[in-house]
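J.: The task is simple: from the sequences and hints, build the whole structure.
The numbers in the UniProt record's numbering rise by one with no breaks, and the one at position 430 of the sequence shown is 430.
Each hint should be verified, as a subset may be incorrect.
Straight-line alpha carbon distances no greater than 35 Å define the calculated DSBU-like cross-link-like pairs of lysine-lysine that follow [said to hold, decoys possible]: (1) 310 / 466; (2) 310 / 288; (3) 377 / 338; (4) 266 / 614; (5) 386 / 355; (6) 377 / 437; (7) 339 / 164.
Bear in mind the hints are in silico, worked out from the structure with no lab data behind them.
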Amino acid sequence: MTMEMKDSGSVVLTAYHPHSPARIPGMEQGFVQDVPPSHSPGSRKSFSRCRRINRMLSNESVPPAFSRSNSQASMDSTSMEDFWCEVESIKESREDGSEEAMLLEFKPADEGELEAEWLQDVGLSTLISGAEEEDGQALLSTLTRTQAAAVQKRYNTYTQTLRKKNKHTVRDVRDIFGTSDSSPTFETVPVSPVSSNGIQLPGQKPVWKSVSSKSCLDCGTDKGSPSITEELSYDVSFSESITVLPKTQEWPKNQRFKKEDSALPKFIVRKSRFGLTEVGDLSPEDMKKIRYLSLIELTAFYDALGVELKRNRVERVRGRENGLFGVPLTVLLENDQKKFPGIKVPLIFQKLLLKLEETGLETEGILRVPGSASRVKNLHQELEAKFYEDTFDWDQVRNNDAAGLLKMFIRELPSPLFTVEYLPAFITLVEKISKIKLQLQALHLLIMLMPEANRDTAKAFLQFLKKVVANEGKNKMNLWNVSMIVAPNLFIYKGKRANQQEMQAAATTAHIVRLLIRYQDILWTVPSFLISQVRKMNEAAMNNSKRQLMFDKGVRKLLRRKTMERERPERPEGAVTFPPYLQSDIPEGVIRVYAPLHSKVSMAIQLNSQTKAKDILARFHCENSHGSSQNVRGQIQSLHEIGGNIGQHCLDPDAFMLDVYRANPQAEWVIKPKAS
Numbered sequence: 001m002t003m004e005m006k007d008s009g010s011v012v013l014t015a016y017h018p019h020s021p022a023r024i025p026g027m028e029q030g031f032v033q034d035v036p037p038s039h040s041p042g043s044r045k046s047f048s049r050c051r052r053i054n055r056m057l058s059n060e061s062v063p064p065a066f067s068r069s070n071s072q073a074s075m076d077s078t079s080m081e082d083f084w085c086e087v088e089s090i091k092e093s094r095e096d097g098s099e100e101a102m103l104l105e106f107k108p109a110d111e112g113e114l115e116a117e118w119l120q121d122v123g124l125s126t127l128i129s130g131a132e133e134e135d136g137q138a139l140l141s142t143l144t145r146t147q148a149a150a151v152q153k154r155y156n157t158y159t160q161t162l163r164k165k166n167k168h169t170v171r172d173v174r175d176i177f178g179t180s181d182s183s184p185t186f187e188t189v190p191v192s193p194v195s196s197n198g199i200q201l202p203g204q205k206p207v208w209k210s211v212s213s214k215s216c217l218d219c220g221t222d223k224g225s226p227s228i229t230e231e232l233s234y235d236v237s238f239s240e241s242i243t244v245l246p247k248t249q250e251w252p253k254n255q256r257f258k259k260e261d262s263a264l265p266k267f268i269v270r271k272s273r274f275g276l277t278e279v280g281d282l283s284p285e286d287m288k289k290i291r292y293l294s295l296i297e298l299t300a301f302y303d304a305l306g307v308e309l310k311r312n313r314v315e316r317v318r319g320r321e322n323g324l325f326g327v328p329l330t331v332l333l334e335n336d337q338k339k340f341p342g343i344k345v346p347l348i349f350q351k352l353l354l355k356l357e358e359t360g361l362e363t364e365g366i367l368r369v370p371g372s373a374s375r376v377k378n379l380h381q382e383l384e385a386k387f388y389e390d391t392f393d394w395d396q397v398r399n400n401d402a403a404g405l406l407k408m409f410i411r412e413l414p415s416p417l418f419t420v421e422y423l424p425a426f427i428t429l430v431e432k433i434s435k436i437k438l439q440l441q442a443l444h445l446l447i448m449l450m451p452e453a454n455r456d457t458a459k460a461f462l463q464f465l466k467k468v469v470a471n472e473g474k475n476k477m478n479l480w481n482v483s484m485i486v487a488p489n490l491f492i493y494k495g496k497r498a499n500q501q502e503m504q505a506a507a508t509t510a511h512i513v514r515l516l517i518r519y520q521d522i523l524w525t526v527p528s529f530l531i532s533q534v535r536k537m538n539e540a541a542m543n544n545s546k547r548q549l550m551f552d553k554g555v556r557k558l559l560r561r562k563t564m565e566r567e568r569p570e571r572p573e574g575a576v577t578f579p580p581y582l583q584s585d586i587p588e589g590v591i592r593v594y595a596p597l598h599s600k601v602s603m604a605i606q607l608n609s610q611t612k613a614k615d616i617l618a619r620f621h622c623e624n625s626h627g628s629s630q631n632v633r634g635q636i637q638s639l640h641e642i643g644g645n646i647g648q649h650c651l652d653p654d655a656f657m658l659d660v661y662r663a664n665p666q667a668e669w670v671i672k673p674k675a676s
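T.: Okay, structure coming up:
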């Protein structure tokens, strides 16, 4: 059945529940005794409402108000009560005024506007403005067949709409890309597999190295053996790997979400000879390009599956400009970075996580058992007044109250943690895509799309949730329980025209959270085919710049005088400058590694097929074990690839250096601490 709950904050919660007898987890034996006496009356009120909700939801005489997709499929009889009790708790906190109303206003999309915004968001505003921008041309030159088709489809829709509206000549795609075919297409790169994190080398076959069972990328279940084990590959774009789907295919309507952890497949990611790359291993400039490519790839991925990629259009986000709660993440970080440069997660969020990790991981019912509403409200006000003065007493905060503050912080963000623009895409990936592997690939691209502040904060939050699940034996919170509680805090938001699809899909959002927690180590790894495309983008941009420079006679004369010198790329930000005697030509297969923080700052190293990044680090550590300062010896050093066809890249210790060198022979190699 469908029911609606309305409050003064313009929130419409539309709930769907399978027809099954209701049983409230909070009423199980021993649960009520765990609730502190000081807030048991409020909790009893909440549980009473939960009983009423579930009696209504379990009424078998009322048919569903909408057709059931696989995401609303039948569940176990006790699978959804935690979700709706959490929804009721959120509603009560808004009614008593402990949370401020932050309204997200949406604007309707005019015909063609969505396509224009999409082209701008993927870095192809040149197709709209008509300017000959090198970055746009470089991006287009790297696209695969499916990616180019996705771009062309949006551009054609945009131009057709513009012609209808303005009735004047608009550039044809064939004029832009020089195609004479009646069915215009973009020039695309080959779709054959490319080397991970590098460029396809002639005649080279990929060599795989299995990730050990202790590696973070061996993502399966913690208990028992899952029924399915699958291997993930990052070498070929996800959209190119999809088999052709029948046009009349229908998703199974009787698919269930099983709440047992063993129901999730175990995914294994194998390292290629280039190793694996985490989000923080690339420069901000290259991550911006990753974001462009991820949106194009996500669109192509959905197109290949026959699924519409929906996005919300936010007209205005009203939030506070100072304080802690209800403040945009970027504003919080700007304020925090004045005191702690380089910080990536807001201090208040870090402190709440630390409090719970130190004292709350073993608390029974943590996250599920509500704290005292009055205490949480008072602590909220006290934090706003005392946090930045370092006078707030954290010892007074009880674990359940800290959990309540943590969830309140997430709910009060002016824009949802997983961004309001792509919340419909999160819902769609489960409702329209039945295979978990494909769901994970779509989720992976959505994580790559997130703004840096959101992505870093979400990563810290998911790492905490993983620790909560790891302590299930004591806190009685398994993966499904945690997902049920967290989902409404992440995916139900306030707005005058809030899309009810997100609010209806309770089971869907819980399943998304479960995937985020279980496979988080995979999701924060940058797919290597995207890195390969970034390398090609950078190479194309450099080649365009070189061709432009050749028109300058003065530059040509200068180049003639330098013909005997080794060509060096423009030094990117973060590169290290060394004396001329250290910059002389070196033989093929030999790299000069710089370690400016060590006593021995430079070393020429002959590479062979088995030399790894960690071998070079070990050699420097041995050579400098007595000469370097104690501070340097105590730091974790990493080998970085800088310049050439990459901005800056912190290498995996298991990366085979000869392969990386051949992929980027113009790079410099620097040992320094990894960015936190």
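J.: All hints are to be evaluated individually against the structure, with a verdict given for each.
T.: Results for each hint:
1. A hinted pair counts as satisfied when its Cα atoms are at most 35 Å apart, and residue 310 with residue 466 qualifies at roughly 30 Å.
2. Between residue 310 and residue 288 the alpha-carbon distance is near 22 Å, which keeps this suggested pair within the 35 Å criterion.
3. For a cut-off of 35 Å, the pair hint linking residue 377 to residue 338 stands: about 28 Å separates their Cα positions.
4. Distance check on the hinted pair: residue 266 and residue 614 sit about 28 Å apart at the alpha-carbon level, within 35 Å; holds.
5. This hinted pair checks out: residue 386 and residue 355 have alpha carbons roughly 17 Å apart, not beyond 35 Å.
6. Among the hinted pairs, residue 377 with residue 437 is inconsistent with the structure: their alpha-carbon atoms are about 42 Å apart, more than 35 Å.
7. Note on residue 339 and residue 164: the hinted pairing is violated, with a Cα-Cα distance of about 54 Å set against a maximum of 35 Å.
Of the numbered hints listed earlier, those contradicted by the structure are 6, 7.
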